Structure formats: C-alpha cells, structure tokens
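> Please work from the sequences and hints to get the whole structure.
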Amino acid sequence: MSSTSLVFRVVERDIKILFSDTFLIGIMFANFGIDLFVTAATFGNLIGYSYFLRIAPGSNLITAMVAAFQSGRDIWREKYIKDLASYLLTLPVPRRLFAVSRIAGGVVRSLIATFPGTLVISYLYGILFSPRLIEAFVIVGLFSLGIVGLSMSVSAFASSIEVFATVRSAIQLYLSFLSTIFYDVTLFPAIVQPIVQTNPMTWAMQAFRALGNQGSTLYPVSILIGPSVAFALLGMGCYLWYARL
Amino acid sequence: MSFSATQVKDSNSLPGGDSTSRLVLQMARRDISTLFRTPWIIISRSLAFIVQLFVFAYLISGFVVKFPNYFEYYAVGSVVGTIASISFIIGYDIFEEAEEGLLDYLLTLPISRRQFIIGRALGGAVRAMIYTIPMFVIVAVLEKFSNPLSLAFAVFDLFLLAFGVTGLSITMAVSVRSANRFDVTLALLELAVSRASTALYPLAFMPGYVAAFAPYSPVTFAADSARDVLEGTGLNLLGIAGLLAFVAIFLGLGATFYFRRLEGGVYA
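Respectively, the protein sequence lines represent chains X and V. For the first sequence, our numbering assigns the number 1 to the initial residue and increments by one for each residue that follows. For the second sequence, our numbering assigns the number 246 to the initial residue and increments by one for each residue that follows.
Worth flagging that the hints you see were computed from the coordinates, not collected in a lab. All values derive from a computational prediction rather than experimental measurement. We put the beta carbon where it would ideally sit given N, CA and C, even for glycine. Treat the hints loosely; a few may be bogus.
Some, not all, of what chain X presents toward chain V, calculated at C-beta under 7 Å [said to hold, decoys possible]:
#1 Phe23
#2 Asn31
#3 Ile47
So this is what it looks like as structure tokens:
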C-alpha cells in the first residue's frame, strides 16, 4: 500500500471516530453559536456592530481549537483509558507516517467541526459566494494544524486527565486572551506584545479580518504558517517519543 | 476530573457517633480534601480568573462607553461565573469514580444513599466556596466593598449558586454515559449558564433572543443579587427566591437520577 493510501486510511479512521458520535459535532456547533450569537453579539451591542464583526471569527477559531484538542484527548484516551496504543503501533504504518497522519486527521476533524461556523463567518464577511471562501478554510486549517500539534504534545506528556485539562485550559487562555481577538496588540504592555505577536490566533484573526476588508491574506497567512508548522512538528516529535516502546 | 482514592474514614471513630449530619459532613469533607489533592484545578481556574479580570476586563472596559464602570460590573460577575464553573467539577469527579469503579467501594460505606448524595453536593459547594473566596476578596478590595452584612449576603448568594450548580452537575454526571459526551456537554452547559446571564454583561445589551431567557438563569439570580447587596441597592428577594428554587429543583433531580443509577442502573 502506498504512503498516501496509508495516510488516508489513518485519517479516515480519525474521521470515523469523530462521526461515531455526531452529538459531539452538534455540541461544538452549539458552543460556536453561544460564543457568536450570545457573547460576541452582546459585546457588539455594548461597543458597536463593527466590533461584533471584528471579533466574530474568534468564535469559529475557538471552536477549531476545541475540536483540535478533542483529537489530542482521543489520543490520550487511546493510551491511558482504552489501552489501544500498543495495537495501533503494530499496524503496518511507519511511525513517522502514522504521526503525520494523526496530525492530518486532527486538522480534517477540525475543518469538519468548524465547517458550518466558517460558512457563517464567511456570510457575515460577504465572501460566502466568492472564491475567497477557500481562503477562509485554508486559514482555519492552518490554525488547526498548530493546535492539533499542541494538543498531541500535551497528550504525550500528560499523565492524568487533570494535567491534560489544565494545560488545555492554559493554552486556551493564551490563545483567547493574549491574542488580538478582542483588542489590538498595541493595547498590551510592551513586555506582553511579543507573546501576542507570536500567537497563531493573532495571525488567524488578522487573516480573517483581511478577508472581511477585501484585502490580501498573504502576509498574515505567511506568518501564521510559522507557529502552526512549528507546533505541528512539536506534536509530531512528542507523538513519536510517546510511541516509542 | 479530580479522581482521588481518598477514603471516607470510619464514621464510628468520630466523636458523636453516626448522626445524619455527621455522616453528611464526613462525605462533604472527603470532597473538600479531594480539591486540595488536585492543585492543577486550582491553578488553572485561578489563572483563568486573573487573566480574565486583569487582562480581558481591564482592556475591554476601555472600549465600553455605553455602560459606565464596566470593569467594576465585570469584576463581581467574574467571581459569580467562576463559582459556577468550579461547582461543575463535582460532576467530573462522580463520572470518573463510576468509570474507575471507585463508586462500588463508596456504596459499601456505612452511610445511607440520601446522606451520601447530600454530602457530595454539600462538599462540592463548600469546596467551590473555599476556592472562590480569595477571588471574592480581591474583587471586594478592588471595589472597596466593606459592609460586613452585605459581604455576608453576597457570600450566601454565591453559596446557593454553588449548591444548585453542584446538583445540576451531579444530574448530568449520572445522566450521560459516554465520557466524551459528558465532557463536552458539561462544558457547553457551563458556557450556556454563564454567558446567557447578567454575570458578564447587562441585560439591556443582550440580543432579544438571549434577553428573553437570561433573567431566569441561576447565574443571573446570583449575579444580580450579589451586585445589589454589595452596591447597597438592597436585598434582591427575587434573586434569592430564584436561587433557592434552583437549588431545590436540581438537588432533587440530581438525587433522583443518582438513586436510579445506583440502585438499578449500570452500577447496580
């Protein structure tokens, strides 16, 4: 079997796991709905409609983050709860290819979970029926790549679900509040600004805003690639370390 | 999520024998000690509170011109939201105990089912209070709340909310069977009760479809009641009545579901 088919098989397995409980996808969309139509809408009323549009993509990216962490959680459960890790390692797939496939599987799962949300944001930004819709999915995919990598790293080192949940919460805080979802980078103290500027959420948000302004996404997307690929490599490295016997 | 093998000590060794209240307190004590054995939860929730208050609320209040003193408004609400959030943790504990088989051991203890359930709910509420009090003190100092009676009433509001949410969380833990489903459902519920409430923003600014439900959220009852009493507006009797009803309903439901699962469900 070729490498590509092996990757597809592993990705297919991850997608099947996602769809084994469609309730979960519904709940993720409900999370997105609350974030956008309750929290963002209320802040829009408090501050102004333009502010609602400004923070709207954050709701979808937060859903992508939740979906990406769900992949890491599944990997953690495979090892500690279901005791499946040994079986998976006996499969005729080279370890590196397997690690790459798990990351790809996580990204695809994230894209599926955020599919309705991405359409909603694209509608709000007036690009639903434009070729730029593809760019919106590329941004979500790239952002998810980094977060899947991070969640796989956490799953490799977390010895208990409490540790996994705590690190996940800390990363979620970093992505949500130390990024430009709610405010501009210049509002942060100078010492915090480098943290905000290296946050993948910052660049995913900038890219979405560029879409809304009919501008070019090339610059924010090219910067987003940096942390996303770095986190994905970290995740791959950790997964390989975790998969050693 | 804070699984612990903390054992309930032999109640016969306690001075005063096996009185109902003593056994309930013994169960509650176990849950309280569990919280301190899982510092991760305390660290993550404290960090979340600090970042939300001193980064998010501080920066965003600069944008909010339609509602004066938004930071002060948010500060009280963030404590209310946090206590609701931490009170949900008891559900994770109960779910995990069932998964790990510890529940079977707990059921062999010389304590009635009713005492067991009330003790769990009380323990969950008390530990949420212990955890949230330092945050409440920070907010009280920031906003210069100094009237002891007002502070006591506000703490009472928080306790009622914690007790009710604990019941809600227990109900969820014994109603949902899949671990993944339970995790995301509880997270969604936590998000829904705190976001669709007046904890973080005033009712007047919510979209109509949220404003129609938000007044009936237990978090709204607690947030409005705590704000009223702390700001000296008066005692919010409606809020307190709402909280009491919430406690009665969900503690009752939690107990009923728990009984069913214990006596005839998957753990029988």
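> Hints first: check each against the structure and report whether it holds.
Verification of the supplied hints:
1. Phe23: holds (6 Å)
2. Asn31: holds (6 Å)
3. Ile47: holds (5 Å)
When held up to the earlier numbered hints, the structure conflicts with none and fits them all.
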